[in-house]
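Make a model of the complete structure from these sequences and hints.
In our numbering, the protein residues as written are 109 to 258.
Accuracy of the hints is not assured; some may be wrong.
To be verified - With a straight-line cut-off of 30 angstroms between C-alpha atoms, the simulated DSS-like cross-links for lysine-lysine are:
(1) K168 <-> K256
(2) K198 <-> K256
(3) K168 <-> K198
Calculated directly from the structure, the hints in this document are not laboratory data.
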Amino acid sequence: MPRAELVTSLPSRLPLSSRSSTYDNFFRNTTRRWRMNEDERLKERYVNFDPIELQRVAGKAMGEDHCSHIFKIAEGGFNKVFLFITTSGKEVIAHIPTPIAGPPHYTTPSEIATMAFLRDILGVPVPRVLAYSADSTNPVGSVYIIMKRA
Numbered sequence: 109m110p111r112a113e114l115v116t117s118l119p120s121r122l123p124l125s126s127r128s129s130t131y132d133n134f135f136r137n138t139t140r141r142w143r144m145n146e147d148e149r150l151k152e153r154y155v156n157f158d159p160i161e162l163q164r165v166a167g168k169a170m171g172e173d174h175c176s177h178i179f180k181i182a183e184g185g186f187n188k189v190f191l192f193i194t195t196s197g198k199e200v201i202a203h204i205p206t207p208i209a210g211p212p213h214y215t216t217p218s219e220i221a222t223m224a225f226l227r228d229i230l231g232v233p234v235p236r237v238l239a240y241s242a243d244s245t246n247p248v249g250s251v252y253i254i255m256k257r258a
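This is the structure we're talking about:
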C-alpha cells in the first residue's frame, strides 16, 4: 500500500511555482510503473489543481474555515484520493478523477447518484457526498467529490 503523504496548510500567498513543487506528488501518479509508454501513461493520470482551494472547499463542506492537513491516501487508474483533517479533528475524503476516468459531466453525477441509491434505497453504508463539481472551471481547477469519511 502506498504511503500517505502529509502536507500541512500553506499560506495561499506562496508563489505558484513554490506551491506547484510542494504539491507535485499530489498531481502526478506515484504508485504505478509501466514497461511501455510510461510517459504517456503518466500524462494520462496527471491532474493539476489548487490544493489550497480544495482545502478551503473541504473545510467549508464540514462547516469549518479550512482543513489543516491533507494526506494523499490512494490513487488508482481513475481517481486520486485525499484525506482532509480540520484542526477540530473532523475528516472528509476528496476524490479527484484522472483524465482517463471518462467525461466528468457524465461520470461524476453518475457516481454520486449510484452512491445515493446504494445508501438510501439498498441500505448499503456508503459515505454521504458533501460537495462536488463535475466541471473543472471552478476555483479548485479540477472535478472533485468531497464526502464523509466512511
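Evaluation of the provided hints:
Simply put, K168 and K256 have alpha-carbon atoms about 13 angstroms apart, close enough for the 30 angstroms limit, and the pair holds. In summary, the hint linking K198 to K256 is supported, as the alpha carbons are separated by about 9 angstroms, within the 30 angstroms threshold. Of the supplied pair hints, the one linking K168 and K198 holds, its CA atoms being roughly 12 angstroms apart against a limit of 30 angstroms.
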